[in-house]
Every structure is written in C-alpha cells, then in structure tokens.
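Undergrad: Sequence:
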Amino acid sequence: MSRWITVFLAVRTRVITVGVISSLHVSYKSSKIKQYFKEGRALRTETTINNPRDFAIGRLLKNLPALREVGFKANQRLLEVEKISQDCQLGNETFEQVTRPQVVDGQRASGLSFGNERPMNLLQEFRLFMLLPQGFLNGELRIHVAKLLGYDPAEY
1 MSRWITVFLA VRTRVITVGV ISSLHVSYKS SKIKQYFKEG RALRTETTIN
51 NPRDFAIGRL LKNLPALREV GFKANQRLLE VEKISQDCQL GNETFEQVTR
101 PQVVDGQRAS GLSFGNERPM NLLQEFRLFM LLPQGFLNGE LRIHVAKLLG
151 YDPAEY
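So the sequence shown is numbered by the working numbering: it starts at 1 and just counts up by one.
Honestly, I wouldn't trust all of these hints.
[Stated by the list, open to error] Think about it this way: if two alpha-carbon atoms lie no more than 30 angstroms apart in a straight line, the pair counts; the simulated DSS-like pairs of lysine-lysine are:
(1) Lys-73 to Lys-83
(2) Lys-62 to Lys-29
(3) Lys-32 to Lys-62
(4) Lys-83 to Lys-34
(5) Lys-147 to Lys-73
(6) Lys-83 to Lys-29
(7) Lys-73 to Lys-32
(8) Lys-62 to Lys-73
(9) Lys-73 to Lys-34
(10) Lys-29 to Lys-73
(11) Lys-34 to Lys-62
(12) Lys-73 to Lys-38
(13) Lys-38 to Lys-83
Because the hints were derived from the structure by calculation, they are not lab data.
Just so you know, these numbers come straight off a predicted model, no measurement behind them.
Please take these sequences and the hints and turn them into a complete structure.
TA: See below:
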C-alpha cells in the first residue's frame with residue numbers, strides 16, 4: 001500500500017547578484033530539503049527531518065533506517081523532477097536538421113558542424129536575443145560571441 005503525501009511549498013524570491021550563492025528550499029511540515037552548489041563545484045542536496053511523526057515514524061533510535069529511507073526517497077524524487085524538467089536532449093531529427101545542408105525556399109542553407117566551437121557559441125548566443133521584438137544587430141551578437149571564444153570584443 002503506497003502512502004501519498006501532499007506537499008505545499010512556501011515560495012520565497014531573492015534577487016541573485018554577484019557573490020550570492022543560489023539555493024533551493026523545499027519545506028514539508030517541520031522537515032526541509034536544501035539544495036545548493038557546494039563551493040561552486042558540486043550540487044549538494046540535504047534533507048532534514050525534525051519531526052519523524054510527520055511521516056508516521058516514531059522517534060526511537062531503532063527507526064533511524066526508516067527515516068533514512070524517507071529522506072533518500074525525497075531526495076531522489078526532487079532530483080528526478082529536476083532531471084525531467086531540464087531534459088535538453090535533442091531528438092535525432094532535430095539534430096540532423098541543424099547539422100545537414102538544406103534547401104529552404106530555393107535557397108541553400110549550409111549545416112552547422114557539430115562540435116565546432118564557433119558555431120556552437122553562436123547558437124548559444126542566439127538564445128539571448130530570442131525574445132527581442134525588434135531583433136538584434138550583428139555588432140551586439142559579435143560582442144557576446146567574442147567573449148565566449150576568449151577574444152577582446154574590440155579586436156574580434
């Protein structure tokens with residue numbers, strides 16, 4: 001028999017500036033999950049269960065394995081949701097459409113060579129300008145691409 005727990009999240013917003021380490025806090029009754037990048041190197045997920053009775057588990061030391069299992073499953077569910085929501089895999093059809101030459105409305109469009117640093121950086125920068133209603137200028141794009149390639153924008 002499976003037990004479903006409804007989780008209500010308290011949402012807090014903080015403006016991220018230079019030097020501020022962003023973190024994710026998920027609360028359920030008197031327990032919480034905190035997720036952050038430790039020393040800017042690795043994702044760390046910590047679960048704290050302050051009242052085991054929130055999960056119908058007693059407070060005796062013999063219940064520690066059951067509490068550990070609850071914490072482990074909570075961490076796994078959070079990581080699974082993040083993995084699904086950030087699934088950035090390209091399908092084979094999309095990958096081929098971008099990397100192979102095509103003829104569009106009678107005009108030939110060359111494909112992008114996958115793994116070549118300059119086209120990949122160019123594609124990465126296009127997403128910055130995606131929501132600009134008036135478009136962008138070549139000079140604006142060149143500044144961003146130059147920085148990604150490690151060049152001085154004035155010399156690129």
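Undergrad: Give a verdict on every hint.
TA: So, going through the hints one by one against the coordinates:
1. Lys-73 to Lys-83: 15 angstroms, holds
2. Lys-62 to Lys-29: This hinted pair holds, its Cα atoms lying about 23 angstroms apart.
3. Lys-32 to Lys-62: 22 angstroms, holds
4. Lys-83 to Lys-34: 17 angstroms, holds
5. Lys-147 to Lys-73: 42 angstroms, violated
6. Lys-83 to Lys-29: 25 angstroms, holds
7. Lys-73 to Lys-32: With a Cα-Cα distance of about 13 angstroms, the restraint between Lys-73 and Lys-32 holds, given a limit of 30 angstroms.
8. Lys-62 to Lys-73: Given that 30 angstroms is the threshold and the Cα spacing comes to 19 angstroms, the pair holds.
9. Lys-73 to Lys-34: Satisfied, since the Cα-Cα distance of roughly 14 angstroms is no more than 30 angstroms.
10. Lys-29 to Lys-73: Holds, at roughly 17 angstroms.
11. Lys-34 to Lys-62: 26 angstroms, holds
12. Lys-73 to Lys-38: 21 angstroms, holds
13. Lys-38 to Lys-83: 19 angstroms, holds
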